[in-house]
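Asks: Take a look at the letters that make up each chain.
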Amino acid sequence: MPTGVLNVTIDRDGGAERFEVPAYDNQTVLDVVSWVQQHADPTLSYRFACRVGMCGSCAMMVNDVPRWTCRTHVSKVTDGADIHIGPLRNLPVIKDLAVDMDPFFDKWIAAEGVHHGALTRDDPIARVDAVSVGRVEANAGIECINCSVCYAACDTVTGNADYLGPAALQRAWTLLNDAKDEARQDILDAVSGSGGCHNCHSMGSCTAYCPNDLDPMSAIAGLKRETAKNFFRRGR
Amino acid sequence: MKAPARAHPLWIAYIVHRLSGVALAAFLPLHFWVLAMAVSEPGRLDGFLAMTEATAVKFAEFGLVFLLAVHMFGGLRLLALEWLPWRPAQKSLAAGAAALSFLIAGAFFLQAV
Ligand code: HEM
Ligand code: SF4
Ligand code: SF4
Ligand code: FES
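Line by line, the protein sequences give chains A and B.
The numbers in our numbering rise by one with no breaks, and the one at position 55 of the first sequence is 55.
Each number in our numbering corresponds to the 1-based position in the second sequence with 1000 added.
Calculated from the structure, these hints are not laboratory results.
Heads up, a few of these hints could be off.
[What the hints assert, rightly or not] Simulated pairs of lysine to any residue, SDA-like, Cα-Cα distance not exceeding 25 Å: (1) K95/A / Q37/A; (2) K76/A / S132/A; (3) K76/A / D123/A; (4) K1058/B / L1024/B; (5) K229/A / D1046/B; (6) K180/A / K95/A; (7) K229/A / T158/A; (8) K224/A / P103/A; (9) K224/A / G1075/B; (10) K76/A / V1070/B; (11) K224/A / A1080/B; (12) K224/A / H1008/B; (13) K224/A / V1070/B; (14) K229/A / G1075/B; (15) K224/A / K1058/B; (16) K229/A / L1064/B; (17) K1058/B / D1046/B.
Note that the coordinates shown come from a computational prediction; the quantities given were computed from them, not determined experimentally.
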């Protein structure tokens, strides 16, 4: 049974549109968007897949805060009945609430956020010490679901189109600490260029809004230290 | 496209640091101009220094010391946060220490005026 009515404003290609959506006790922001698409306007475009916080495809701006909409309850974003939903910030809009994630993933690659292995399937499996300092550091950042919430929250991304952004840099940091990764110098070079880790002002919006409670800001601080050490070592 | 809510402590620390940095930079030319008077026109410098007795000017001076203090502690906080791989508990300790030293510096300054 509906418990009331939500006043939903959705930023679309043609401008903001208002919808009245039945409110329920237990309702996520993604439920609200889906209701609009199913009952009010089937042309509304948006993106989701897993609905359980795994795939990272459903992020949107909700009352001006970037959020994973499938796991954000309406009660978390409003005390009243007004909800403002828009496409994720810092990325080009394809249509309505669907943004083009290409720049986000391209930067992931540009930060050398790919596995650089040396072994083949014929080699024995390398042993990794689960409690080594590097592994603990890497573990802290590997649960990233590529949702781009941090990327949307970061003002440095807004100000510098070349900035690699928190998620890509955090992945570079996990690989730098990964005993199985063989491209330490490539990673350090990739993250110390003009779009690299030293752009970050430690304003912490990435860490504040990451839905998985990850801490890209501290990962980037780690990159700042390692790239600086590397710089002085090479200089000598 | 709207900016997200930024009302979290680190973002506020960031904007305070930027505004105080810019304000300090804006003040520098004025500061050098007054210092330059010491060599070029000592008489005018004395006149200027006499002016610092006025309450309004004292108040402005306080603003300046305040700007430098928040910028310096904010800067030291950033340097510690980024360059020392501390655990969060140590960071809050350090923030507390900085706040305390600021309080002491502030009290000292109030005594001086
Ligand atoms: C007292 C010692 C000082 C310390 C420890 C300090 C530290 C810092 C640090 C760490 C940053 C980088 C902040 C970031 O990455 O966002 C910074 C930025 C800045 N500082 Fe200072 N600073 C000091 C004095 C000054 C003075 C005297 C001026 C004025 C001439 C000044 C002007 C600036 C400006 C304009 C910025 C750029 C702000 C930004 O990027 O957000 N600083 N400072
Ligand atoms: S801490 Fe760095 S990466 Fe995170 S939001 Fe701030 S500037 Fe962006
Ligand atoms: S670090 Fe967090 S906010 Fe950023 S993409 Fe990964 S899961 Fe999303
Ligand atoms: S739909 Fe997969 S994370 Fe939200």
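Asks: Taking only the CA atoms, is the gap from K180/A to K95/A under or equal to 25 Å?
Replies: violated (40 Å)
Asks: Could you grab the alpha-carbon distance between K229/A and T158/A and see if it respects the 25 Å cut-off?
Replies: violated (29 Å)
Asks: CA of K224/A to CA of V1070/B, is that 25 Å or under?
Replies: holds (23 Å)
Asks: Sort out whether P103/A lies within 25 Å of K224/A, counting only the CA atoms.
Replies: Roughly 23 Å separates the two Cα atoms, so the pair holds.
Asks: Taken at face value, is the distance from the CA of G1075/B to the CA of K229/A at most 25 Å?
Replies: holds (20 Å)
Asks: K76/A and V1070/B were given as a pair; does the straight-line alpha-carbon distance stay at or below 25 Å?
Replies: Roughly 34 Å between the alpha carbons, so the hint for K76/A and V1070/B is violated.
Asks: If you draw a straight line from the CA of K224/A to the CA of A1080/B, is it 25 Å or shorter?
Replies: Between K224/A and A1080/B the Cα gap is close to 12 Å, so the pair holds against 25 Å.
Asks: Hint check: K76/A vs S132/A, CA-CA at most 25 Å. Holds or violated?
Replies: The hint is violated at about 38 Å.
Asks: Given the proposed pairing of K229/A with L1064/B, does the C-alpha separation stay at or below 25 Å?
Replies: violated (35 Å)
Asks: So if I understand the rule, the pair passes when the alpha-carbon distance is 25 Å or less; does K229/A with D1046/B pass?
Replies: With a Cα-Cα distance of about 49 Å, the restraint between K229/A and D1046/B is violated, given a limit of 25 Å.
Asks: Just to be careful, I want the Cα atoms of K224/A and K1058/B compared with a cutoff of 25 Å; is the pair within it?
Replies: violated (41 Å)
Asks: Starting from K76/A, check that the Cα of D123/A is at most 25 Å away, please.
Replies: Cα-Cα ~50 Å, so violated.
The structure shown violates the earlier hints numbered 2, 3, 5, 6, 7, 10, 15 and 16.
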